[in-house]
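One-letter residues, chain by chain:
4 protein chains.
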Amino acid sequence: MTAVGLIGAGAMGAFHGESLARRIFGARLAAVADPAPGVADRLAASLDCPFATTDPSQVLADPEIDAVVIAAPARAHAGLVEAAAHAGKAVFCEKPMAIALADADRAIAAADAAGVPLQIGFQRRFDRGFRAARDQVLSGGVGEPQLLRSLTRDPDLEVEPAKIPAWTVFFETLIHDFDALRWLNPWAEAVEVYAVADALVRPDWKERGLLDTAVVLVRFDNGAIATAEASFRAVYGYDVRAEVFGSAGMATVGDIRESSMTYSGAEGVVSRGSQSNLDLFHDAYVAEIADFVACVRTGATPRSTGEDARAALAIALAAIRSVETGGPVRLAAVEDV
Amino acid sequence: MTAVGLIGAGAMGAFHGESLARRIFGARLAAVADPAPGVADRLAASLDCPFATTDPSQVLADPEIDAVVIAAPARAHAGLVEAAAHAGKAVFCEKPMAIALADADRAIAAADAAGVPLQIGFQRRFDRGFRAARDQVLSGGVGEPQLLRSLTRDPDLEVEPAKIPAWTVFFETLIHDFDALRWLNPWAEAVEVYAVADALVRPDWKERGLLDTAVVLVRFDNGAIATAEASFRAVYGYDVRAEVFGSAGMATVGDIRESSMTYSGAEGVVSRGSQSNLDLFHDAYVAEIADFVACVRTGATPRSTGEDARAALAIALAAIRSVETGGPVRLAAVEDV
Amino acid sequence: MTAVGLIGAGAMGAFHGESLARRIFGARLAAVADPAPGVADRLAASLDCPFATTDPSQVLADPEIDAVVIAAPARAHAGLVEAAAHAGKAVFCEKPMAIALADADRAIAAADAAGVPLQIGFQRRFDRGFRAARDQVLSGGVGEPQLLRSLTRDPDLEVEPAKIPAWTVFFETLIHDFDALRWLNPWAEAVEVYAVADALVRPDWKERGLLDTAVVLVRFDNGAIATAEASFRAVYGYDVRAEVFGSAGMATVGDIRESSMTYSGAEGVVSRGSQSNLDLFHDAYVAEIADFVACVRTGATPRSTGEDARAALAIALAAIRSVETGGPVRLAAVEDV
Amino acid sequence: MTAVGLIGAGAMGAFHGESLARRIFGARLAAVADPAPGVADRLAASLDCPFATTDPSQVLADPEIDAVVIAAPARAHAGLVEAAAHAGKAVFCEKPMAIALADADRAIAAADAAGVPLQIGFQRRFDRGFRAARDQVLSGGVGEPQLLRSLTRDPDLEVEPAKIPAWTVFFETLIHDFDALRWLNPWAEAVEVYAVADALVRPDWKERGLLDTAVVLVRFDNGAIATAEASFRAVYGYDVRAEVFGSAGMATVGDIRESSMTYSGAEGVVSRGSQSNLDLFHDAYVAEIADFVACVRTGATPRSTGEDARAALAIALAAIRSVETGGPVRLAAVEDV
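For the protein sequence lines, the chains are D, H, E and S, in the order given.
Using numbering that gives the first Met the number 0, read the first sequence as starting at 0 and increasing by one per residue.
Using numbering that gives the first Met the number 0, read the second sequence as starting at 0 and increasing by one per residue.
Using numbering that gives the first Met the number 0, read the third sequence as starting at 0 and increasing by one per residue.
Using numbering that gives the first Met the number 0, read the fourth sequence as starting at 0 and increasing by one per residue.
One thing to keep in mind: the hints can contain errors.
[Stated by the list, open to error] Far from chain D, by Cβ distances over 10 Å, these chain H residues were calculated:
no. : residue
1   : Gly25
2   : Pro34
3   : Thr52
4   : Ala82
5   : Asp238
6   : Gly267
7   : Gly272
8   : Thr324
9   : Leu330
[Said to hold, decoys possible] Here are the computed lysine to any residue pairs in the SDA-like style, where the Cα-Cα straight-line distance is at most 20 Å:
no. : chain 1 : residue 1 : chain 2 : residue 2
10  : E       : Lys205    : E       : Leu156
11  : D       : Lys205    : S       : Phe219
12  : H       : Lys205    : E       : Ser246
13  : E       : Lys205    : H       : Gly222
14  : H       : Lys205    : E       : Asp220
15  : H       : Lys205    : H       : Glu143
16  : H       : Lys162    : H       : Gly222
[Stated by the list, open to error] One-sided and incomplete, this derived list gives chain D residues near chain E with beta-carbon spacing under 7 Å:
no. : residue
17  : Ala131
18  : Tyr262
19  : Val333
For the record, the hints were derived by calculation from the structure and aren't laboratory data.
Where is the CB? At the ideal position from N, CA and C, for every residue including glycine.
All chains, please: the whole structure from these sequences, using the hints.
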């Protein structure tokens with residue numbers, strides 16, 4: 000039984016906690032930490048977890064705990080990864096692992112030094128459809144990737160400008176797409192980025208600096224041209240799709256339909272859309288934690304690593320600088336900061 | 000220029016008249032006959048057709064006319080085919096060509112004796128999707144057909160029990176499905192039929208003998224088992240589909256979507272359905288008449304013949320007797336009538 | 000922790016055993032019984048289950064065990080249900096619960112007498128798409144059901160005529176479709192059945208009495224006409240679909256695609272099909288056992304009951320008699336046996 | 000009968016010639032001009048057209064001719080439009096109408112001065128799916144457009160670098176997408192463009208200056224962000240799609256399937272793709288010429304005008320300059336040339 004501590008008990012953390020407590024064989028939820036008073040207590044109680052605290056360091060200090068799942072706010076991620084690695088814990092960290100390259104480097108170095116697995120919450124890599132697309136690329140069915148697309152549209156991100164950092168659309172949303180594009184173009188690296196972003200969902204947020212809509216064009220060193228696209232509000236549901244087109248074919252992935260049921264009525268042929276990421280990616284979220292637990296047990300390298308997190312972050316940083324400067328930004332340029 | 004006379008100027012006849020006058024190269028609409036006062040006049044005038052009459056025999060008597068398209072009420076079909084053949088005209092006749100086998104035999108014999116082409120309005124044979132399904136069968140992609148299905152659902156057949164013959168669902172609607180099933184199972188013939196029919200759309204019609212919903216199970220001599228299904232009212236649109244499943248694969252055909260446009264809104268992902276046969280089968284209706292005109296010119300055998308009409312009729316008659324007797328009916332049995 | 004014993008460790012039993020041992024919170028796999036030497040031992044060992052036996056009665060005799068999952072051969076089901084109920088165990092029994100109505104009645108009576116939950120393995124009732132279709136019916140979206148269809152095609156049922164009872168296609172395969180049709184037409188009961196069956200996949204089996212292809216027409220007392228269809232071999236994968244068409248709309252369910260990934264190559268746009276029931280219905284199989292465990296704990300009535308099993312069986316028996324007699328069979332007639 | 004002369008008898012010109020001669024009521028093909036020896040003769044002969052010439056000016060000089068369809072090489076378009084307008088002919092001109100803004104302006108001015116209709120071959124505006132998408136936008140179903148996408152992938156453009164101008168992917172291919180994006184975002188105009196292009200299909204062409212793959216990001220003055228994407232080789236067929244996403248919903252359009260037939264075999268569920276634009280857009284190509292003929296007759300303004308051609312050209316020119324300079328280019332900047 001792998002003992003796992005959860006750090007951060009928001010919606011995503013709670014789901015991972017439930018997976019550890021109830022959905023994944025060979026794991027147990029050994030502790031829950033969340034700084035908000037009562038939050039960890041309530042989740043721990045509901046999941047028969049023996050220990051709850053407002054202080055993550057208590058989880059890290061517990062010698063019985065083998066691993067931690069970090070689902071805290073993004074800005075705390077890198078420091079927690081570092082601390083957990085120093086404490087000898089295997090680490091699963093939600094995306095983004097860091098929002099500065101130097102922090103990412105320190106987190107990676109800490110995990111390396113401690114010899115612990117470090118896995119990042121890019122759950123699309125564990126989704127059945129995305130995996131099939133990747134397999135199609137790896138098997139040569141797509142040939143050399145030439146054009147890629149990845150998009151994320153949230154049904155309605157409940158955000159308050161005061162609480163949401165300005166660049167959230169890049170750091171939290173598009174980071175998934177940047178990872179997906181890299182993963183579906185496996186023999187190349189991004190070299191240049193051009194990005195446009197705006198406040199189209201809530202124009203009144205623009206002056207407060209919050210952008211809710213963005214398109215990013217990413218150039219790869221094999222010539223492939225990719226677009227990533229995000230919106231904070233799609234009235235029809237949670238929409239995540241990807242497409243990789245190459246010299247030998249195309250793989251597309253993503254189906255917003257909630258189930259295989261289709262209703263035909265006076266309005267036409269209708270399929271309801273998925274309304275949340277926990278619905279659309281339910282199995283992938285479970286699978287990534289199950290795989291993490293297996294890596295902890297076997298010592299295998301996770302399928303999404305700290306290096307992957309860093310590479311996606313670099314694209315995000317280049318995209319942000321592109322929005323700031325109005326021109327394309329080479330990946331090399333964000334390394335100089 | 001093949002000169003074609005139109006007999007019957009209802010909705011289907013008017014469409015064929017327009018095709019002859021405006022859509023098909025090498026044909027001209029030379030005459031329109033319809034017994035209802037003014038109907039032929041109006042259609043002929045709108046299509047610059049030089050001759051209109053309430054008397055079909057005037058069309059048949061015209062030596063300038065090479066061929067006729069018969070779109071009169073079903074009960075008049077067989078007699079008109081016979082008369083037209085006797086007059087030496089090539090004949091396109093809407094389905095059903097006849098509603099009694101003896102009439103069908105006489106019509107076929109008349110066309111044979113006159114040496115004129117006789118084509119029946121089974122337009123599904125000219126639909127792109129249905130043709131692709133048939134090609135898949137003929138090429139061996141489906142293997143030996145084992146299970147078939149064909150269905151027809153009308154958006155809302157505007158019928159008055161007083162005007163509609165009781166067995167319309169078999170003679171006018173399912174006759175298409177019977178033909179489609181035969182055509183998609185090309186190396187076999189129907190041997191036995193079991194049918195159930197009811198007045199589910201308008202239960203009050205039942206006592207007046209009008210059935211609006213039916214399912215027919217057809218056994219073929221290669222063992223294949225087929226179902227044909229019809230309803231007079233589908234709220235979502237005009238629904239025509241077929242499926243042929245065999246030892247090597249399956250071909251399905253039929254897409255009720257009006258266009259390739261899909262709208263995603265709060266209610267889900269929506270495609271509007273086609274609302275009429277003239278919409279869904281527009282191209283097939285034009286193609287069958289164009290092909291008929293080509294047969295008239297070249298002497299080629301039509302793709303749907305009098306024999307096909309007779310074979311579909313025999314299945315319809317067996318289905319009707321099955322409803323009457325409550326048991327399965329062998330095709331051989333309806334030959335004895 | 001609900002302690003559950005497994006009786007029968009074939010493919011389906013092994014899956015349920017895994018669910019009990021590893022996938023379902025609040026359950027534990029307490030015993031495995033299988034008469035084949037070594038089979039129970041191996042499964043129990045792989046799932047850390049403390050007890051294995053070749054004798055099911057040892058499981059029933061264990062006072063620590065709260066419930067049993069019966070996944071033995073069909074002919075043993077009813078007797079095992081009865082015995083388990085007598086032993087005071089809650090019972091989950093794979094379909095068919097019985098292959099004779101008297102046996103079904105005894106099983107139901109035993110469970111009633113013991114006051115234990117009795118659930119049948121009609122997992123489609125737990126499938127997301129099927130549930131959405133049912134919800135659409137219950138909410139009135141479909142209106143009064145008029146035409147229904149349910150089909151099951153196995154990729155390639157590995158069967159040996161010597162081992163497979165003649166009427167397997169009805170008792171084991173179509174029993175699912177009979178249940179689905181009843182469930183999707185919730186305000187009606189079947190009244191008459193007409194069936195056709197043949198050996199089209201393996202014609203050489205026919206003389207040995209094994210039928211592999213069947214179509215069944217079921218009449219309901221609300222007038223609805225349903226077809227159920229089965230084949231033992233579909234080269235493209237495991238194909239389970241249903242359609243319910245009514246006065247207000249249509250719900251269709253079933254998607255044979257393995258994932259949301261579509262590959263477009265020189266051969267066209269391609270989606271791979273699911274190759275097994277354990278793949279296509281993975282979540283439904285887990286959900287039905289989870290729900291059973293919840294019923295054991297809460298005393299709630301299962302979503303598929305012994306009465307449902309009996310009603311589906313009656314349709315199967317009527318279908319078999321229809322094949323034997325060549326005519327339609329009223330449900331009332333099979334009650335007289 | 001509107002008498003129409005055809006200028007340019009290549010693949011597209013020949014199709015329009017056939018439409019004028021055989022598919023469109025009320026039009027006749029009165030002349031064919033093509034500078035290549037014998038080409039006009041052969042097409043005219045096959046279509047029973049009375050006049051063929053290698054000299055377009057003979058067509059323009061013919062007082063019997065009401066209108067011309069220009070399907071010559073792109074570089075000749077603007078001059079021919081101007082000459083035809085001066086000769087008082089109504090003009091249908093294939094895209095691009097011009098490849099320099101000054102030429103476009105002269106062509107528009109000539110048509111205005113002559114008071115003749117000027118229609119451009121943006122046939123997507125006449126495609127059923129694209130029209131439905133536009134209707135969805137106009138009716139408010141999409142709300143304010145925020146994110147758009149349009150793409151064109153040719154199955155295998157047979158091109159010789161020596162014969163193909165360097166910027167063909169922008170002038171000839173993406174010009175369709177630029178028009179589609181403008182048409183689907185009807186209350187806005189493009190303000191800035193960023194483009195990336197490469198020779199990924201034939202890397203050896205790159206040094207000869209021929210680009211075969213491109214992605215263009217277009218900013219509109221309502222904030223909408225659009226991407227246009229092109230490739231000269233898609234192994235699966237001719238792929239044209241569009242998506243418009245807004246505050247109230249999304250419309251997608253484009254279906255590469257050749258027909259409604261789907262084949263399921265061992266390789267999965269397969270739909271063949273359309274292999275040519277003349278196949279996928281057959282009806283739209285006929286409809287645009289039919290509409291042009293109607294405009295000639297009625298004096299109505301065409302649905303795609305010279306101003307539309309100019310606006311799409313401006314985006315193409317900005318895209319080309321973006322490739323040349325490596326940075327974004329404002330539309331205003333290309334006006335200064």
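Results for each hint:
1. Against the 10 Å criterion, Gly25 of chain H stays outside the reach of chain D, whose nearest CB is about 39 Å from its own CB.
2. With a cut of 10 Å on Cβ distances, Pro34 of chain H stays outside the contact zone with chain D, its closest approach being about 37 Å.
3. At roughly 42 Å, the least C-beta separation between Thr52 of chain H and chain D is larger than 10 Å, which holds for a residue marked as non-interface.
4. No beta-carbon of chain D comes within 10 Å of the beta-carbon of Ala82 of chain H; the shortest separation is about 44 Å.
5. The Cβ of Asp238 of chain H sits about 8 Å from the closest Cβ of chain D, inside the 10 Å cut-off, so the non-interface label is violated.
6. The beta carbon of Gly267 of chain H sits about 4 Å from the closest Cβ of chain D, which is not more than 10 Å, so the claim that it is off the interface is violated.
7. Taking the minimum C-beta to C-beta distance to chain D, about 5 Å, the non-interface status of Gly272 of chain H is violated against the 10 Å cut.
8. Residue-level check passed: Thr324 of chain H sits 35 Å from the nearest beta carbon of chain D, beyond 10 Å.
9. Under the 10 Å C-beta cut-off, the non-interface status given to Leu330 of chain H relative to chain D holds; the minimum distance is some 34 Å.
10. Between Lys205 of chain E and Leu156 of chain E, the direct Cα distance comes to roughly 16 Å. Compliance with the 20 Å bound is thereby established for this hinted pair.
11. Pair hint Lys205 of chain D plus Phe219 of chain S holds up; C-alpha atoms about 17 Å apart against a cutoff of 20 Å.
12. Restraint check for Lys205 of chain H and Ser246 of chain E: satisfied, since their Cα atoms lie roughly 16 Å apart, inside the 20 Å limit.
13. This hinted pair checks out: Lys205 of chain E and Gly222 of chain H have alpha carbons roughly 12 Å apart, not beyond 20 Å.
14. Taking the CA atoms of Lys205 of chain H and Asp220 of chain E, the gap is about 16 Å. The hint holds against a cut of 20 Å.
15. For a cut-off of 20 Å, the pair hint linking Lys205 of chain H to Glu143 of chain H is broken: about 40 Å separates their Cα positions.
16. Proposed proximity of Lys162 of chain H and Gly222 of chain H is contradicted: the alpha carbons are some 39 Å apart, above 20 Å.
17. Nearest Cβ of chain E to the Cβ of Ala131 of chain D: about 4 Å, under the 7 Å cut. The hint holds.
18. Because the closest C-beta pair between Tyr262 of chain D and chain E is about 5 Å apart, less than 7 Å, the hint holds.
19. The beta carbon of Val333 of chain D is not positioned within 7 Å of any beta carbon in chain E (closest approach about 32 Å), and the interface hint is therefore violated.
Violated hints, in rising order: 5, 6, 7, 15, 16 and 19; the structure is consistent with all others.
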